[in-house]
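Given the structure of chain W, go ahead and fit chains U and S onto it with the hints provided.
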Amino acid sequence: MTVTVRQLADWVRGEVLGDGDLPIADARPLADARPGDITLVDDRHLGAWHACPAAAAVAPPSVPVNGRPLIRVADPLMAFAGIVQRLRGRPPLPAGTVDPSAHVHPTAKLAAGVSVGPFAVVGEGTEVGAGAVLHAGAVVGRGCRLGADVTLHPRVVVYDDCTLGDRVVVHANAVIGADGFGYRFQDGRHAKVPQLGWVEVEADVEIGAGSTIDRGTFGPTRIGAGTKIDNLVMIGHNVQIGRHNVLAAQVGIAGSSTTGDYVVMAGQCGVADHMHVGDRVVLGAKTGVITDIPPGTRYLGYPARPEGLKKRVWVTQDHLPEMRRDLKKIKAALGMEEAG
Amino acid sequence: MTVTVRQLADWVRGEVLGDGDLPIADARPLADARPGDITLVDDRHLGAWHACPAAAAVAPPSVPVNGRPLIRVADPLMAFAGIVQRLRGRPPLPAGTVDPSAHVHPTAKLAAGVSVGPFAVVGEGTEVGAGAVLHAGAVVGRGCRLGADVTLHPRVVVYDDCTLGDRVVVHANAVIGADGFGYRFQDGRHAKVPQLGWVEVEADVEIGAGSTIDRGTFGPTRIGAGTKIDNLVMIGHNVQIGRHNVLAAQVGIAGSSTTGDYVVMAGQCGVADHMHVGDRVVLGAKTGVITDIPPGTRYLGYPARPEGLKKRVWVTQDHLPEMRRDLKKIKAALGMEEAG
Amino acid sequence: MTVTVRQLADWVRGEVLGDGDLPIADARPLADARPGDITLVDDRHLGAWHACPAAAAVAPPSVPVNGRPLIRVADPLMAFAGIVQRLRGRPPLPAGTVDPSAHVHPTAKLAAGVSVGPFAVVGEGTEVGAGAVLHAGAVVGRGCRLGADVTLHPRVVVYDDCTLGDRVVVHANAVIGADGFGYRFQDGRHAKVPQLGWVEVEADVEIGAGSTIDRGTFGPTRIGAGTKIDNLVMIGHNVQIGRHNVLAAQVGIAGSSTTGDYVVMAGQCGVADHMHVGDRVVLGAKTGVITDIPPGTRYLGYPARPEGLKKRVWVTQDHLPEMRRDLKKIKAALGMEEAG
Chain W
280 MTVTVRQLAD
290 WVRGEVLGDG
300 DLPIADARPL
310 ADARPGDITL
320 VDDRHLGAWH
330 ACPAAAAVAP
340 PSVPVNGRPL
350 IRVADPLMAF
360 AGIVQRLRGR
370 PPLPAGTVDP
380 SAHVHPTAKL
390 AAGVSVGPFA
400 VVGEGTEVGA
410 GAVLHAGAVV
420 GRGCRLGADV
430 TLHPRVVVYD
440 DCTLGDRVVV
450 HANAVIGADG
460 FGYRFQDGRH
470 AKVPQLGWVE
480 VEADVEIGAG
490 STIDRGTFGP
500 TRIGAGTKID
510 NLVMIGHNVQ
520 IGRHNVLAAQ
530 VGIAGSSTTG
540 DYVVMAGQCG
550 VADHMHVGDR
560 VVLGAKTGVI
570 TDIPPGTRYL
580 GYPARPEGLK
590 KRVWVTQDHL
600 PEMRRDLKKI
610 KAALGMEEAG
Chain U
280 MTVTVRQLAD
290 WVRGEVLGDG
300 DLPIADARPL
310 ADARPGDITL
320 VDDRHLGAWH
330 ACPAAAAVAP
340 PSVPVNGRPL
350 IRVADPLMAF
360 AGIVQRLRGR
370 PPLPAGTVDP
380 SAHVHPTAKL
390 AAGVSVGPFA
400 VVGEGTEVGA
410 GAVLHAGAVV
420 GRGCRLGADV
430 TLHPRVVVYD
440 DCTLGDRVVV
450 HANAVIGADG
460 FGYRFQDGRH
470 AKVPQLGWVE
480 VEADVEIGAG
490 STIDRGTFGP
500 TRIGAGTKID
510 NLVMIGHNVQ
520 IGRHNVLAAQ
530 VGIAGSSTTG
540 DYVVMAGQCG
550 VADHMHVGDR
560 VVLGAKTGVI
570 TDIPPGTRYL
580 GYPARPEGLK
590 KRVWVTQDHL
600 PEMRRDLKKI
610 KAALGMEEAG
Chain S
280 MTVTVRQLAD
290 WVRGEVLGDG
300 DLPIADARPL
310 ADARPGDITL
320 VDDRHLGAWH
330 ACPAAAAVAP
340 PSVPVNGRPL
350 IRVADPLMAF
360 AGIVQRLRGR
370 PPLPAGTVDP
380 SAHVHPTAKL
390 AAGVSVGPFA
400 VVGEGTEVGA
410 GAVLHAGAVV
420 GRGCRLGADV
430 TLHPRVVVYD
440 DCTLGDRVVV
450 HANAVIGADG
460 FGYRFQDGRH
470 AKVPQLGWVE
480 VEADVEIGAG
490 STIDRGTFGP
500 TRIGAGTKID
510 NLVMIGHNVQ
520 IGRHNVLAAQ
530 VGIAGSSTTG
540 DYVVMAGQCG
550 VADHMHVGDR
560 VVLGAKTGVI
570 TDIPPGTRYL
580 GYPARPEGLK
590 KRVWVTQDHL
600 PEMRRDLKKI
610 KAALGMEEAG
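Protein chains in written order, with the numbering used here: chain W, 280 to 619; chain U, 280 to 619; chain S, 280 to 619.
Hints are supplied without guarantee of correctness; some may be wrong.
Same chains, same label: a pair holds when it works inside one copy or across any pair of copies.
In the EDC-like style, the derived pairs of lysine to aspartate or glutamate whose C-alpha atoms are separated by at most 20 Å in a straight line are [what the hints assert, rightly or not]:
#1 Lys607 to Asp597
#2 Lys590 to Glu601
#3 Lys388 to Glu403
#4 Lys471 to Asp445
#5 Lys471 to Asp439
#6 Lys471 to Asp354
#7 Lys471 to Asp552
#8 Lys471 to Glu481
Hints in this document: simulated from the structure, not taken from any laboratory.
The shape of chain W in the complex, shown without the other chains:
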């Protein structure tokens, strides 16, 4: 499929500067673009654009013309994404097809346009909203409710009694609703506390590959609307995550902790159990939270400390060996005894 710069501009309602009749072979990002491609440029990468063999670019108004055709748009990222999608994106699975190998319980209710891939399983009494897509091998337990346009990628597992809001997307091999990690020590053994709650994932949440969200002990573990969760994240039982949080990869949040709205946690953060992380808190990578964190703050390190303090501590830390040597000299100069 070959198209011209002008056709691409029409797709994304952009303005053509330069030769609109130039044919375009493919769309690739700056680092990978080849002759004949269209690419994506912004003002931070003008040097790379200059050196890039691409034939044309999608660009914001701030990028100057340099002899090659440009498609000018207000939102180049989404325009370029639209072009890539049109040039080599794959069609969604056909709506409303249930693979004959899927195992849908006779009491389950699939709304209009639900697609179910091969070897998927839908349990007793579960309801799936209009337009939802359950890819190959997804397993949904008994008594679950999935909203409209939910997407479960291959091999996702949703245990009994969990609810997923509209437009929730769950990536491959994530697990929603496994038992919380609850035991009591009795007679020399760890006796299991039954985990009888469920998970409520609100609308517009996305959950990354391999992440696990445990069910509550008696009530819900809840993920607030609009929250985005990366891969290999662990959310413990009874946790209540607020709305529009961003939890990067490998974050772990222990049982019964809560977060406000618009919280951001960078990769590999950990939050101890029964903590509260306030609205709009930002935690740097690998931060370990063992106290409540006040709203609107930025924390770093383990144990978590305010960002400004922690950065000063980190800088000073490198001087520790010389500080200790200095102390010894001073004590010698002052005739102070060495302890021990």
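Leaving out everything else, chains U and S in the frame of chain W:
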């Protein structure tokens, strides 16, 4: 289903204080309870109980009557769990049903009452003990032995030659027996050392969703009886975990390390290879172990240090910038040269 | 199956010292060996070999005879592996068998000798190279290319448009090509940036159980030839991993970062987004990289620091409380005011 306080008390052999004829609609924890519910109270949460709209509560003898009916029992947590289970728990899968879509090798031996879900796979020569349940899509390789009442949740994968003791529970998407991470550097490449061992999981172990336990190189990787492992935990090849350990989420234990009995590791701990962590050691969250840890101790931080020392270091650390300023002033006062 | 020491020596082209006619029952490592077994010895474990009940051993020339037969070989590890494999290894799946329950799209192309296990799925237009093995329940999307002798263990998921080079091995429940974690904050919500790229895994890469490698935004996420990735590792979108890297368990590499060749990262390391880790860098366990790391260096800690410096800081750190006490005494002795 509506029942009275007295009926609930009968189920859990509790004593009714107050109106035993009051009908109860549902059972929910304190934070979620609604009018008409029964809830769970202990002495630490009397204020919340006072403010809670629930109609009644399960409580220990120490909780005073406050006008609403109580069910007094010695073990309120397990009594409440019993009530929740009766009110809205789901029945187990029917014993002894093998879904026709499951793929059980003709040489595999399933004992009485084994249930196998849709699309599960049981390999050549594998033996499965009485009452075991293999949920949808679980895959068990060749030559495995699974004890009585083992539960494999959906999509669990057990590689060839592994053994799971009685009552072992493995949550969704966990992987038992993948190859250990063993290579030798030769001629500019990492040459694989064949991983020909297996995994032995002893009785009463529970393994969380998405966790991985690698097979030994030539012999077993072993998980001791009664040990509980949370989600997304990694146990390397040849590791020997003792009995009744508790390993919280995202812990990683590198190859050939060993632990004693009753060890507790909080979330995101890491143990380097060939280390030993002694009996009854407690490691705080995110602890990084790079030396052996003596029995009966508590360690924190990275590198792991005794808890008391590490807490003092953490407190002092925040003062590092001011300590450095003080040092500079002292050196100036004493006329000492600034190094460098 | 019982064989003699001499037969074993013939298998591995080793030299027999002592009684070649001795029958051998099994092959187990030093710690597990029983009477009648052959075991593996090197010079570092002569004491353990002395105390071991095994009947014979595979050993390098440096190990002295001690009355029991030895098989001397230049490479005892691989010779012993060969013996274990012959004595109790399992045959590979028969080449060229496609289980009738597998779901192979009519447009997919399977080369000669490809094996596909039960409930596996191969998508539209995907090509699978000669000798590849797709175990039970593996899911490969549309338009993928898998090289010769690729192994996908059970339940691996490969999203659309990804490529895996010759001899790539992917362990159970790993996910290749899920969406990158890309959002833009607009109007109070996190709006998804479409993830339209793919993953390229070059030849001879091994990927551990439960690991996730996200697709690029518009182009490739790339894993260089010969790189070995352990379990539960997360590789973000657009990342470019060099050749022959070793990434231990639970490492996380955030979006758009790159590594050189022969990089080694120990367990639970994290690399922030848009960083570069140079050729032959070695990162200790739990290292957190938030700056570029120069080639040929060794780094530790968080934030990552050169190994020598960081080790000195770690040692000094334990003295912080006494250093602070000393400072107070010195200030008192000098009549300096306490700040605050």
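Exercise. Which of the stated hints cannot be reconciled with the structure, identified by number in ascending sequence?
Worked result: none
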